[in-house]
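Engineer: In case you want the letters, here they are:
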Amino acid sequence: MESHAQPASSASGSAFHTQAPINPYDIHMATIVEKRRETEGIETYRLKLVDEKVRHAYRFSAGQFNMVYAFGVGEVAISIVSDPDEPEFLDHTIRAVGRVTNAIARLQLGDALGIRGPFGKGWPLEEAQGKNIVIVTGGLGCAPVVGAIEYIFRRRSQYGAVKILHGVKTPHDLLYRERFDAWRQHPNTEVLLTSNQPDKTWHYHIGVVTELFEQVAVDPARTVVLMCGPEIMMRLGVPILMQRGIPASAISVSLERHMECGIGLCGHCQLGPYFLCKDGPVMSYDRVAFWLSRTGV
Amino acid sequence: MAEHTSHLLSKPSFQQLIDVLRSSGYRVVGPIVRDGAVVWDTVQQTGDLPIGWRDIQEPGRYRLEQTGDDRIFGVVHGPQSLKPFSFAPRESLLTIERTQNGFATTPTIPQSEKVAVLGARPCDVAGLAIQDRVFLRDAYADPYYQARREGLFLVTVHCTRALSTCFCASMGTGPRATSGFDLALTELPEGFVVEAGSSAGEDILAKLERRPATKEAINAANSRIASCAKSQMRALDTSHLPQALYDAHEHQRWDDVAARCLACGNCTMVCPTCFCHAVEETPDLDRQRSEHTRLWDSCFTQEHGYIHGKNVRPTIKDRYRMWLSHKLASWIDQFGSSGCVGCGRCITWCPVGIDLTEELPALLKPDARNTNRQT
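Order-wise, the sequence lines are chains X and G.
Numbering-wise, the first sequence is residues 6 to 302 according to my numbering.
Numbering-wise, the second sequence is residues -7 to 367 according to my numbering.
Hints listed in this document are in silico derivations from the structure and should not be mistaken for laboratory results.
Worth double-checking, as some hints may not be accurate.
[What the hints assert, rightly or not] Not the full set, but computed from the structure, chain G residues with beta-carbon under 8 Å of chain X: (1) T97; (2) P99; (3) H318.
[Said to hold, decoys possible] To be clear about the criterion: a stretch of chain G counts as covered by chain X if any three or more of its residues have a C-beta under 8 Å from a C-beta of chain X, and this derived list gives those stretches: (4) 84 to 90; (5) 329 to 338.
Beta carbons: idealized from backbone N, C-alpha and C, even for Gly.
Generate the whole structure from the sequences, applying the supplied hints.
Structural biologist: This is the structure we're talking about:
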């Protein structure tokens, strides 16, 4: 399904071709109900929409994102990392790197942020039912896939083997450490971590995430890959997976570009013919392989 | 759809068209001469229009000159297309006010204003239809664009003179407008052949002193439009797009054009279809209130492709390639048509005269550097 963003204020679905008074630019206020420090400069904010009607109508799928607004500063596109089965609370893991994210970092519990969304197309989790799942992530790139992992584990029996491969630069960069430990406890599940700049405390693999491919057995005909992280990881990693017989159409990647509107109008997030805010951010690799192999797009 | 029955409006009756539009509640806008170019502004009488002027356009050059004739629409076009009427160069989206527990937003959707545009060119009417597709026929209808667009009444003037930079005939958008207008005029020495393109157009037409257009007048109009098409010196062969341009990604011509391109963004500002925009936040000094505004952006800026610490299109080569590939190729995949209507403005208003009708064929020729390259 080519699921376009569903406006937060509408429970009834698409506004296509209608005169419905939906303003996709309007921002809904949310309160920070929890602020959890993940690592240096990265926090997870749990947000609750203030307007009850908006909150109850809000549904999202794993891999979609919100435009998060800081009063007087502006908006930034952030993926929703919480469980789509609990849309009353919306978790966003945010690294303070720019003007807006630094302003967000200064906010405290009870402070207000704005939300527009959810936007984009999430992970193909329904199509992946009955398949083995390989999740490959790097750095903060694991955030957009966390909701998908929670979704899968809530329906554990509907999926085959789950293998989570996650790479970080230094052990310091490992987010959600306790979640990785919890996921490891699920049946028929492997969690493999690697760091390419480890310290003495690191007792997992040393190297980059693509090296972990050698440590897992895959049944190429029954495997779906979810991938998220630096584009270089995808450029190098996907060919290795394809050599092992996994078709490009079974590999989904979550891509990142500058976004200012979330609805395919501001033009910034284009990758070839795609607007990553509405056609993505999750894309089937066979659709974007041509573009990811090119520079300066 | 209204039938295109033709009428003849005498030159002296042209003032009546302005008057009838005004009495029907429209603010009438037309081309006027200002600072050496024509720009859109409110007009009250025929004499406000650039009678007896014509424009000379070439790559990197725009000049107005007086001809001494009495043509009302002798000037083909200025730097502005119809775009600013429906997609404002800068507009407030929301005002956001601090409240006790956070903030409250107020959308600033504009009041729909009735505006009649006199002298919209067929290429620009086609450009507006492309913008309608972008802003109104996707998952959301943009309410800001929609409010401005709804109030527009378009009086198009079919072209009877081509500029050296025009190539609408090859893009199928002119020199005759086939849809998207309320009234269409063809200027002849004895007056205007007029046809209505909508019921709103019919209503206005019914209030004008007019007579049925003679066969001779209709033939004269048709032949002037046809020779305008024939006289066009530029053309774009789009038959191999989009794929041929996608395949030309590594062509050395991109380096060549990038060495000339200043990345000034003029081409994107004058383009009738470019829709990129940025969103800006302007808080009051006391931080009690903030304005959430959008403004035209350009894919030629350094910020356009910026994402946390890196630019995905760092070089001018990347950005020119982005612009041209989007306009002529990926637009087709996105919206089902080319993003180019052949108005030629990007050629005229480019300070160094880069001409896309020259660049595209060069890009589609085999690359001298990689003659053995597999396709």
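Engineer: With reference to the structure, classify each hint as holding or not holding.
Structural biologist: Evaluated hints:
Because the closest C-beta pair between G:T97 and chain X is about 5 Å apart, less than 8 Å, the hint holds. Hint status for G:P99: holds, given a least beta-carbon distance of 5 Å to chain X, under 8 Å. For G:H318, the interface hint holds, since its Cβ comes within 8 Å of a Cβ in chain X; the closest pair sits about 7 Å apart. Evaluation of the coverage hint for the stretch 84 to 90 of chain G: fulfilled, as 4 residues show C-beta separations to chain X shorter than 8 Å, against a requirement of three.
Here the stretch 329 to 338 of chain G counts 0 residues with a CB under 8 Å from a CB of chain X, which misses the bar of 3, and the coverage is violated.
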